[in-house]
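Participant: Sequence:
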Amino acid sequence: TQCTFQTGATSSSETSGLASTSPPGRLKPFIIVTTLLLLLAGCGCFCCYWLDLLDGGEEAYGIGHKRPFGTSRHPQLPVPELADGFPPPGRFYQEQVRQLRPLLMRGAARQTRAFRMWDDDYFLQLPLDPNSSQVHVETTKKESRQQRTYDTPFHQFVRSYNTSGHYMVASMPRFLAPDFPLPWSLQCPDVAGALVEAIVWFSSGGTSSVVHTDAVDNLNCVLRGNKTFVMVDPAVHGHRVPIDRPEGSYSSMDVDSVDFRAYPGMADVQFYIAHLFPGDCLYIPFKWIHQVRSYGRNIAVNLWFDTALVRATDNCNEERPDPAWLIDTASFKGFGYRPPTDLFAETLRQAAGQPVERLRDIDRHFLQFDRTVREMMEILARERDEL
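If you count the sequence shown from 1, position 356 lands on 458 in the numbering used here, and the numbers rise without skipping.
Take these hints with a grain of salt, some might be off.
[Stated by the list, open to error] Across the chosen pairs, the derived CB separations fall in these ranges:
no.	residue 1	residue 2	range
1	Asp346	Tyr397	44 to 54 Å
2	His176	Arg203	17 to 27 Å
3	Glu299	Gln213	18 to 28 Å
4	Arg247	Thr431	26 to 36 Å
5	Arg169	Ser433	35 to 45 Å
6	Leu141	Pro180	25 to 35 Å
In case anyone wonders, no lab produced these hints; they're calculated from the structure. Note that the Cβ used here is the ideal one computed from N, Cα and C, for glycine as well.
Using the sequences and the hints given, assemble the complete structure.
Facilitator: Right, dumping it as C-alpha coordinates:
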(Lines of atoms letter the chains of each structure in order from A and count residues from 1; the text may use other names and numbers.)
(Lines give C-alpha, C1' and ligand atoms only; values in the text may rest on other atoms or scores of the structure.)
Protein backbone atom coordinates (compact mmCIF):
# COMPACT_ATOMS: atom_id res chain seq x y z
CA THR A 1 0.00 0.00 0.00
CA GLN A 2 1.33 3.37 -0.92
CA CYS A 3 0.46 6.52 0.96
CA THR A 4 1.21 9.79 -0.69
CA PHE A 5 1.63 12.90 1.43
CA GLN A 6 1.47 16.23 -0.32
CA THR A 7 3.14 19.20 1.28
CA GLY A 8 3.80 22.67 0.21
CA ALA A 9 1.51 25.14 -1.47
CA THR A 10 -2.07 24.24 -2.21
CA SER A 11 -3.13 24.34 -5.83
CA SER A 12 -5.16 27.25 -7.04
CA SER A 13 -8.15 24.98 -7.76
CA GLU A 14 -8.08 23.63 -4.21
CA THR A 15 -7.71 27.14 -2.83
CA SER A 16 -10.69 28.38 -4.76
CA GLY A 17 -12.69 25.34 -3.61
CA LEU A 18 -11.89 26.00 0.01
CA ALA A 19 -12.67 29.64 -0.37
CA SER A 20 -16.09 28.84 -1.80
CA THR A 21 -17.02 26.81 1.28
CA SER A 22 -15.71 29.26 3.87
CA PRO A 23 -18.35 31.48 5.48
CA PRO A 24 -18.31 35.17 4.70
CA GLY A 25 -16.55 37.25 7.27
CA ARG A 26 -19.77 38.86 8.52
CA LEU A 27 -21.22 35.41 9.42
CA LYS A 28 -18.26 34.27 11.50
CA PRO A 29 -19.27 36.15 14.69
CA PHE A 30 -22.80 34.71 14.41
CA ILE A 31 -21.45 31.17 14.02
CA ILE A 32 -19.09 31.61 16.94
CA VAL A 33 -21.86 32.95 19.22
CA THR A 34 -24.27 30.19 18.16
CA THR A 35 -21.64 27.52 18.81
CA LEU A 36 -20.92 28.94 22.26
CA LEU A 37 -24.64 29.00 23.11
CA LEU A 38 -25.05 25.39 22.02
CA LEU A 39 -22.04 24.39 24.10
CA LEU A 40 -23.44 26.23 27.12
CA ALA A 41 -26.85 24.60 26.65
CA GLY A 42 -25.25 21.18 26.41
CA CYS A 43 -23.17 21.88 29.47
CA GLY A 44 -26.30 23.02 31.32
CA CYS A 45 -28.15 19.80 30.49
CA PHE A 46 -25.09 17.79 31.52
CA CYS A 47 -24.85 19.67 34.83
CA CYS A 48 -28.59 19.22 35.47
CA TYR A 49 -28.21 15.51 34.83
CA TRP A 50 -25.41 15.19 37.37
CA LEU A 51 -27.19 17.42 39.87
CA ASP A 52 -30.22 15.15 39.64
CA LEU A 53 -27.97 12.17 40.27
CA LEU A 54 -26.36 13.90 43.25
CA ASP A 55 -29.83 14.94 44.45
CA GLY A 56 -30.63 11.28 44.82
CA GLY A 57 -34.18 11.62 43.46
CA GLU A 58 -36.76 9.33 45.00
CA GLU A 59 -34.06 7.14 46.51
CA ALA A 60 -32.96 10.04 48.69
CA TYR A 61 -36.23 11.87 49.28
CA GLY A 62 -38.86 9.16 48.93
CA ILE A 63 -41.44 8.09 46.38
CA GLY A 64 -43.23 11.14 45.05
CA HIS A 65 -40.25 13.49 44.87
CA LYS A 66 -40.44 15.51 41.64
CA ARG A 67 -43.59 13.60 40.68
CA PRO A 68 -47.25 14.72 40.45
CA PHE A 69 -49.20 15.63 43.57
CA GLY A 70 -50.81 12.45 44.88
CA THR A 71 -47.78 10.17 44.39
CA SER A 72 -46.74 8.62 47.68
CA ARG A 73 -44.95 5.68 49.27
CA HIS A 74 -48.08 5.16 51.36
CA PRO A 75 -51.05 3.20 49.98
CA GLN A 76 -53.99 5.24 48.76
CA LEU A 77 -56.87 5.58 51.18
CA PRO A 78 -60.25 4.37 49.87
CA VAL A 79 -62.96 6.94 49.22
CA PRO A 80 -66.31 5.56 50.43
CA GLU A 81 -68.56 4.80 47.45
CA LEU A 82 -72.29 4.60 46.89
CA ALA A 83 -73.29 2.64 43.80
CA ASP A 84 -76.85 3.83 43.30
CA GLY A 85 -76.87 7.63 43.22
CA PHE A 86 -77.33 10.20 45.97
CA PRO A 87 -78.07 9.19 49.56
CA PRO A 88 -81.14 10.74 51.21
CA PRO A 89 -80.45 14.12 52.84
CA GLY A 90 -80.64 13.00 56.46
CA ARG A 91 -78.19 10.16 55.98
CA PHE A 92 -75.87 12.32 53.89
CA TYR A 93 -75.82 15.02 56.53
CA GLN A 94 -75.27 12.64 59.46
CA GLU A 95 -72.74 10.26 57.89
CA GLN A 96 -70.78 12.53 55.55
CA VAL A 97 -71.16 16.21 56.39
CA ARG A 98 -71.01 15.93 60.17
CA GLN A 99 -68.24 13.35 60.07
CA LEU A 100 -66.16 15.23 57.48
CA ARG A 101 -66.07 12.10 55.31
CA PRO A 102 -65.90 12.28 51.50
CA LEU A 103 -68.33 10.23 49.42
CA LEU A 104 -68.16 9.10 45.79
CA MET A 105 -71.66 8.65 44.35
CA ARG A 106 -71.57 6.58 41.18
CA GLY A 107 -74.10 7.53 38.50
CA ALA A 108 -75.78 10.11 40.72
CA ALA A 109 -76.12 12.72 37.93
CA ARG A 110 -77.23 10.32 35.19
CA GLN A 111 -80.91 11.19 35.65
CA THR A 112 -80.40 14.88 34.96
CA ARG A 113 -81.33 16.60 31.72
CA ALA A 114 -77.81 18.05 31.68
CA PHE A 115 -76.32 14.55 31.51
CA ARG A 116 -78.60 13.61 28.63
CA MET A 117 -78.48 16.82 26.61
CA TRP A 118 -75.32 18.83 27.18
CA ASP A 119 -73.19 18.68 24.07
CA ASP A 120 -71.96 21.29 21.57
CA ASP A 121 -74.95 20.90 19.23
CA TYR A 122 -77.40 21.39 22.08
CA PHE A 123 -75.54 24.44 23.36
CA LEU A 124 -75.33 26.07 19.93
CA GLN A 125 -79.05 25.72 19.22
CA LEU A 126 -80.00 27.58 22.41
CA PRO A 127 -81.56 30.96 21.49
CA LEU A 128 -79.17 33.27 23.32
CA ASP A 129 -78.51 36.99 23.26
CA PRO A 130 -74.72 37.49 23.07
CA ASN A 131 -74.94 40.42 25.47
CA SER A 132 -76.78 38.46 28.16
CA SER A 133 -74.98 35.12 27.80
CA GLN A 134 -71.47 36.14 28.85
CA VAL A 135 -69.39 33.49 30.63
CA HIS A 136 -66.07 33.69 32.44
CA VAL A 137 -63.09 32.03 30.73
CA GLU A 138 -59.55 31.20 31.86
CA THR A 139 -56.70 31.11 29.34
CA THR A 140 -54.48 28.38 30.78
CA LYS A 141 -55.43 24.82 31.58
CA LYS A 142 -52.87 24.54 34.36
CA GLU A 143 -54.24 26.85 37.01
CA SER A 144 -51.90 29.46 38.40
CA ARG A 145 -54.31 32.02 39.91
CA GLN A 146 -52.41 34.65 37.92
CA GLN A 147 -53.61 33.63 34.46
CA ARG A 148 -55.41 36.05 32.16
CA THR A 149 -59.20 35.74 32.16
CA TYR A 150 -61.96 37.31 30.11
CA ASP A 151 -65.71 37.19 29.50
CA THR A 152 -67.19 36.08 26.19
CA PRO A 153 -70.60 35.07 24.79
CA PHE A 154 -71.33 31.42 25.56
CA HIS A 155 -71.79 30.49 21.90
CA GLN A 156 -68.41 31.99 21.05
CA PHE A 157 -66.74 29.87 23.72
CA VAL A 158 -68.45 26.69 22.48
CA ARG A 159 -67.22 27.35 18.94
CA SER A 160 -63.62 27.94 20.01
CA TYR A 161 -62.76 25.91 23.12
CA ASN A 162 -61.49 22.87 21.20
CA THR A 163 -58.84 24.92 19.38
CA SER A 164 -58.13 27.76 21.82
CA GLY A 165 -57.34 25.59 24.81
CA HIS A 166 -59.35 28.00 26.97
CA TYR A 167 -61.36 26.88 29.95
CA MET A 168 -64.83 28.07 31.04
CA VAL A 169 -65.14 28.46 34.81
CA ALA A 170 -68.40 30.34 35.27
CA SER A 171 -71.35 30.68 37.59
CA MET A 172 -74.19 28.50 36.36
CA PRO A 173 -75.79 30.50 33.51
CA ARG A 174 -79.53 31.05 33.84
CA PHE A 175 -80.11 29.42 30.47
CA LEU A 176 -78.50 26.16 31.68
CA ALA A 177 -79.80 26.07 35.26
CA PRO A 178 -83.17 24.42 34.37
CA ASP A 179 -81.24 21.37 33.14
CA PHE A 180 -79.75 20.56 36.53
CA PRO A 181 -81.94 19.67 39.55
CA LEU A 182 -80.75 20.23 43.09
CA PRO A 183 -79.06 16.95 44.13
CA TRP A 184 -81.30 14.84 46.34
CA SER A 185 -78.79 14.95 49.20
CA LEU A 186 -79.28 18.74 49.35
CA GLN A 187 -83.08 18.77 49.07
CA CYS A 188 -83.72 20.30 52.50
CA PRO A 189 -85.15 23.79 53.06
CA ASP A 190 -82.27 24.68 55.39
CA VAL A 191 -79.61 23.27 53.06
CA ALA A 192 -81.17 25.00 50.05
CA GLY A 193 -80.87 28.23 52.03
CA ALA A 194 -77.17 27.57 52.61
CA LEU A 195 -76.17 27.35 48.93
CA VAL A 196 -73.22 29.60 48.12
CA GLU A 197 -72.55 29.10 44.39
CA ALA A 198 -73.01 26.74 41.44
CA ILE A 199 -70.15 26.62 38.92
CA VAL A 200 -69.89 25.10 35.44
CA TRP A 201 -66.44 23.78 34.42
CA PHE A 202 -66.14 23.28 30.65
CA SER A 203 -62.98 22.48 28.65
CA SER A 204 -61.46 20.21 26.02
CA GLY A 205 -59.66 18.36 28.83
CA GLY A 206 -56.14 18.32 30.19
CA THR A 207 -56.81 20.83 32.97
CA SER A 208 -55.21 20.77 36.40
CA SER A 209 -55.97 22.86 39.45
CA VAL A 210 -53.72 24.15 42.18
CA VAL A 211 -53.72 22.38 45.54
CA HIS A 212 -56.34 24.24 47.55
CA THR A 213 -59.08 24.17 50.16
CA ASP A 214 -62.65 25.45 50.17
CA ALA A 215 -64.09 27.31 53.15
CA VAL A 216 -67.43 25.56 52.54
CA ASP A 217 -68.63 22.07 51.56
CA ASN A 218 -68.38 21.00 47.93
CA LEU A 219 -70.43 18.63 45.74
CA ASN A 220 -68.92 18.08 42.28
CA CYS A 221 -70.69 16.20 39.45
CA VAL A 222 -69.00 15.17 36.19
CA LEU A 223 -71.23 15.19 33.10
CA ARG A 224 -68.68 14.70 30.30
CA GLY A 225 -65.16 13.28 30.38
CA ASN A 226 -63.28 12.05 33.44
CA LYS A 227 -61.84 13.78 36.49
CA THR A 228 -59.39 12.69 39.16
CA PHE A 229 -59.57 14.26 42.61
CA VAL A 230 -56.58 13.93 44.93
CA MET A 231 -57.62 14.72 48.50
CA VAL A 232 -55.92 15.06 51.88
CA ASP A 233 -57.65 14.93 55.25
CA PRO A 234 -56.59 18.22 56.91
CA ALA A 235 -57.13 16.83 60.40
CA VAL A 236 -54.47 14.15 59.77
CA HIS A 237 -51.99 15.56 57.25
CA GLY A 238 -52.96 19.20 56.93
CA HIS A 239 -49.81 20.40 58.68
CA ARG A 240 -47.69 18.66 56.03
CA VAL A 241 -49.32 20.24 52.97
CA PRO A 242 -48.12 23.82 52.42
CA ILE A 243 -51.13 26.08 51.86
CA ASP A 244 -48.69 28.97 51.55
CA ARG A 245 -51.08 31.36 49.79
CA PRO A 246 -53.57 31.88 52.62
CA GLU A 247 -55.22 34.82 50.90
CA GLY A 248 -56.55 32.34 48.33
CA SER A 249 -56.37 29.16 50.42
CA TYR A 250 -54.06 27.44 47.95
CA SER A 251 -50.49 26.18 47.57
CA SER A 252 -47.78 27.50 45.25
CA MET A 253 -46.22 24.04 44.82
CA ASP A 254 -45.95 22.67 41.28
CA VAL A 255 -48.65 19.99 41.07
CA ASP A 256 -46.74 18.22 38.28
CA SER A 257 -43.43 18.01 40.15
CA VAL A 258 -43.64 18.20 43.94
CA ASP A 259 -40.22 19.02 45.37
CA PHE A 260 -39.69 17.21 48.68
CA ARG A 261 -36.60 19.34 49.35
CA ALA A 262 -38.81 22.43 49.48
CA TYR A 263 -41.76 20.61 51.08
CA PRO A 264 -40.27 17.73 53.13
CA GLY A 265 -43.55 17.02 54.91
CA MET A 266 -45.12 15.92 51.63
CA ALA A 267 -43.13 12.67 51.76
CA ASP A 268 -45.34 11.45 54.62
CA VAL A 269 -48.74 12.49 53.26
CA GLN A 270 -51.35 9.82 52.57
CA PHE A 271 -53.87 10.58 49.83
CA TYR A 272 -57.46 9.80 49.02
CA ILE A 273 -57.85 9.51 45.23
CA ALA A 274 -61.23 9.43 43.47
CA HIS A 275 -61.65 8.77 39.75
CA LEU A 276 -64.92 10.19 38.42
CA PHE A 277 -66.59 9.14 35.18
CA PRO A 278 -69.60 10.69 33.40
CA GLY A 279 -72.54 10.84 35.79
CA ASP A 280 -70.48 10.45 38.99
CA CYS A 281 -70.56 12.96 41.85
CA LEU A 282 -68.11 13.52 44.71
CA TYR A 283 -68.67 15.17 48.08
CA ILE A 284 -65.56 17.03 49.30
CA PRO A 285 -65.86 17.95 52.99
CA PHE A 286 -65.31 21.39 54.42
CA LYS A 287 -61.63 22.44 54.35
CA TRP A 288 -60.39 19.20 52.81
CA ILE A 289 -57.25 19.79 50.75
CA HIS A 290 -57.67 18.74 47.14
CA GLN A 291 -56.32 18.98 43.59
CA VAL A 292 -58.24 18.17 40.39
CA ARG A 293 -57.30 16.97 36.90
CA SER A 294 -59.60 16.50 33.90
CA TYR A 295 -59.30 14.19 30.91
CA GLY A 296 -61.07 14.37 27.56
CA ARG A 297 -63.79 16.85 26.61
CA ASN A 298 -64.99 17.83 30.05
CA ILE A 299 -68.08 19.36 31.63
CA ALA A 300 -68.76 19.37 35.35
CA VAL A 301 -71.00 21.22 37.79
CA ASN A 302 -70.10 21.85 41.38
CA LEU A 303 -72.22 23.23 44.22
CA TRP A 304 -70.73 24.99 47.21
CA PHE A 305 -72.88 25.07 50.34
CA ASP A 306 -72.22 26.18 53.90
CA THR A 307 -73.60 23.70 56.41
CA ALA A 308 -72.80 26.12 59.25
CA LEU A 309 -76.09 27.76 58.26
CA VAL A 310 -78.08 24.53 58.44
CA ARG A 311 -80.26 24.52 61.54
CA ALA A 312 -82.40 21.43 60.91
CA THR A 313 -82.45 18.35 58.71
CA ASP A 314 -85.67 16.80 59.99
CA ASN A 315 -87.82 18.46 57.33
CA CYS A 316 -85.87 17.18 54.34
CA ASN A 317 -87.19 15.34 51.31
CA GLU A 318 -86.35 11.82 52.51
CA GLU A 319 -88.78 9.78 50.38
CA ARG A 320 -87.41 10.20 46.84
CA PRO A 321 -85.64 12.84 44.73
CA ASP A 322 -87.81 15.69 43.51
CA PRO A 323 -86.81 16.39 39.86
CA ALA A 324 -88.77 19.64 39.94
CA TRP A 325 -86.46 21.12 42.61
CA LEU A 326 -84.17 22.82 40.11
CA ILE A 327 -81.09 24.92 40.66
CA ASP A 328 -82.74 27.91 38.99
CA THR A 329 -85.35 27.97 41.77
CA ALA A 330 -82.68 28.11 44.48
CA SER A 331 -81.11 31.21 45.98
CA PHE A 332 -77.31 31.42 46.03
CA LYS A 333 -75.35 33.73 48.31
CA GLY A 334 -72.55 34.26 45.77
CA PHE A 335 -68.82 34.77 46.15
CA GLY A 336 -69.26 37.96 48.15
CA TYR A 337 -70.65 35.91 51.02
CA ARG A 338 -68.32 35.61 54.02
CA PRO A 339 -68.54 32.14 55.62
CA PRO A 340 -68.63 32.19 59.43
CA THR A 341 -65.30 30.32 59.47
CA ASP A 342 -63.66 33.16 57.55
CA LEU A 343 -65.08 35.72 59.97
CA PHE A 344 -63.87 33.60 62.88
CA ALA A 345 -60.35 33.44 61.42
CA GLU A 346 -60.38 37.20 60.88
CA THR A 347 -61.37 37.73 64.52
CA LEU A 348 -58.49 35.51 65.60
CA ARG A 349 -56.04 37.48 63.48
CA GLN A 350 -57.19 40.77 64.95
CA ALA A 351 -57.17 39.46 68.51
CA ALA A 352 -53.84 37.70 68.35
CA GLY A 353 -52.09 40.22 66.14
CA GLN A 354 -50.46 37.36 64.28
CA PRO A 355 -49.71 37.17 60.55
CA VAL A 356 -51.84 34.94 58.39
CA GLU A 357 -48.95 32.52 57.86
CA ARG A 358 -48.80 31.73 61.58
CA LEU A 359 -52.55 31.38 61.99
CA ARG A 360 -53.18 29.05 59.09
CA ASP A 361 -51.87 26.20 61.25
CA ILE A 362 -54.22 27.19 64.06
CA ASP A 363 -57.12 27.11 61.62
CA ARG A 364 -56.46 23.43 60.89
CA HIS A 365 -56.77 22.52 64.57
CA PHE A 366 -60.18 24.17 64.69
CA LEU A 367 -61.68 21.90 62.02
CA GLN A 368 -63.18 19.38 64.41
CA PHE A 369 -63.94 22.09 66.94
CA ASP A 370 -65.84 24.02 64.30
CA ARG A 371 -67.99 20.98 63.52
CA THR A 372 -68.72 20.50 67.21
CA VAL A 373 -69.80 24.13 67.53
CA ARG A 374 -72.08 23.72 64.52
CA GLU A 375 -73.75 20.70 66.09
CA MET A 376 -74.19 22.53 69.40
CA MET A 377 -75.78 25.45 67.58
CA GLU A 378 -78.20 23.07 65.89
CA ILE A 379 -79.22 21.57 69.23
CA LEU A 380 -79.69 25.01 70.77
CA ALA A 381 -81.74 26.14 67.78
CA ARG A 382 -84.04 23.12 68.11
CA GLU A 383 -84.49 23.68 71.84
CA ARG A 384 -85.24 27.35 71.19
CA ASP A 385 -87.86 26.42 68.61
CA GLU A 386 -89.46 23.94 71.03
CA LEU A 387 -89.70 26.64 73.68
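Participant: Tell me the numbers of any earlier hints that the structure contravenes, in ascending order.
Facilitator: 1 and 6
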